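Position chain B against the provided structure of chain A, taking the given hints into account.
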Amino acid sequence: MRVASVLAGLLGSLLFLFLVAPIAQLVATSGAEGGARLATDTELRRALWLTAGTATAATLLGVLGGTPIAFLMERWRFRGRAVVAAFLDLPLLIPHPVAGIALLLVLGRESVIGGAALELGLRIVGSPAGIVCAMLFVSAPLYISGAREAFARVNPRYEAVARTLGDHRWRVFRRVTLPLSGRGLVAASVVMWARAVSEFGAIVIITYNPKTASVLSYDRFTSFGLREALPVAAILTVLALLPLTALRALRYERRPDLGAGAAA
Amino acid sequence: MIEARGLTARAGAFRLVDISFTVPKAAYGVVIGPAGSGKTTLLETIAGINPQTGGVLRLDGRDVITIPPEQRGLGLVYQHGYLFPHLSVEANIAYGASDASEAKDIAIRLGAWDLRDRAVESLSGGERQMVALARALAHRPSILLLDEPFSALDPRRRETTRRELRRIHREWGLTMLQVTHDFTEAGLLGDVAILLDRGKVLQSGRPDEVFRKPASSYVAEFLGAENVFAGTAKLIQEDSAPAADGADGAVDARAHQAVEFRTGPLTIYAVASSVESPGYAVIRAEEVLLSLEPQVGSSARNHFAGRITEISTLGALTRVALDVEGAQLVAALTTRSAHELSLEVGMEAYASFKAMAVHLC
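Protein chains in written order, with our numbering: chain A, 319 to 582; chain B, 1406 to 1766.
One chain only, chain A, in its complex shape (with noise of 0.2 Å):
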């Protein structure tokens, strides 16, 4: 017994090291540099605010499209329920080049809907709106997955004294489902920012430029090496370390207990 605990504790710590060393490594050695370029390279600064922008925006578009999505997930219970779960997941399991080639498929010039765009002056591959759309298709079914267990934990026994109450269904979402499932709706939206952020496979695909942070990090390794990549990756590091901390911390606090058990 005591030794399979020393052995589980062993092998735990050494996973441990193992996801944390390079990633500490790295901020170690070059976050004081990336700090300091912030200050003068003007190209890091472009990719950074175009990073944090693109993300942004693709996550107001995932939470608004997702929540309506995840709620019904979780409370509309239909036949192929379990084939459409698997569909809104695919996008994080495929490798995300081949899922950066699908949406080019999809929004290229050539396609429909990337045709219908430039008739209407907006271009969608090679710009920003690109970006947008790779952040999105690769992180919106984190946030779905996370919105699901943020509604998942709210009996729905509050929506229906809700509804005996006098409050229509959309009444009832604002009024009761909204507020107790809101840390875990703003959770699964950080996680979604986070990981649009880090997203290159696919973005490199259908907008090499203006680049990202993920993607100047990539170019300044290939055509400058290893040293000159560094300081972009830490800061790129940083910038998605920073609201997971804070996403964690929010989820240690104290929670509601929004169990049937609530008032046992």
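Simulated from the structure, these hints should not be mistaken for laboratory data.
Being a predicted model, the structure only gives us computed values, none of them experimental.
Be aware that a few hints might be false.
[As the list claims (entries may be wrong)] The calculated label-pair distances, taken between Cβ atoms and stated as ranges, are: (1) A:A400 / B:T1471: 29 to 35 Å; (2) A:R399 / B:V1461: 28 to 34 Å; (3) A:A434 / B:V1461: 50 to 56 Å.
Cβ atoms here follow ideal geometry from the backbone N, Cα and C, with glycine treated the same way.
Chain B in isolation, oriented as in the chain A frame:
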């Protein structure tokens, strides 16, 4: 009024089948049934939370199959209260109220107003139930559905809340339907009792009728009748029938006939308008009189000598089991009577009950 005719509904794999009953306007209905019998599903179906799949459901005369919960004019109080944890107690009470001062009055009447400054998370189960009740009433429903609303209240609070709710029910002319496990509560509160099991109504009617005249041996046993005997019954000819039970036994001779019911070594006399044989004879333990001497000159038609096999006391009530020629007969008496008789296991005792106390089903 709540009127269900052949109502069917589904909640996951569970089904309510062919539910029919009526709770008249301003009446107090109680739903009794074991865990998993569909009591909460029935309330949720009436409320419109759980979809009705067939039959007719009328609330105050309206067919409500297409009417959403918020337009049914009813209130629903769950056993766990389901107070909104993101709102204060006061905001919970006022949630559906159109008049805040009226909501406050109701909360005061139910003793929930003193809790208004407390956080929902800090309330006990009983306090949550009181606030949930006040919240539902503050919406001024015409029908109130209650799912074991007093289960977490202490006995004193339960009594005062029950009394106040009864008063509000009468003042407002509310139609109520309450789920309970408590037979005493069902008897105390109910104008109509609905016995539910495995998604079906086994019996419905006035509580005293349901308790005294269960439709089946299963219903009898579920309702706590301890003397349920299987046997054969036959009508007795007028000239050989035992005499009537006496002046207090208001037997309609035209509707009721004397019946002899044989169960193992026992012959039990009963009165019934018709008999089914084989069938069951049900005698509630409260109807069985216990004595240490044979009853002489009694109007009761059924007398049995036996030996006490078990005495169990629960507060003011004592339950005594008697072995009568291998059959067990249970009598319920006050603990004081049991002490006065100095009953002990192994003693010989006599049980008697009137033919009218026997219900055949």
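Hint by hint, here is what the structure shows:
Under the hint 29 to 35 Å, the C-beta atoms of A400 of chain A and T1471 of chain B, about 30 Å apart, fit the expected range. Separation of R399 of chain A from V1461 of chain B is about 31 Å and conforms to the stated range, judged on CB atoms against 28 to 34 Å. The hint said 50 to 56 Å for the Cβ distance between A434 of chain A and V1461 of chain B, and at roughly 52 Å that hint holds.
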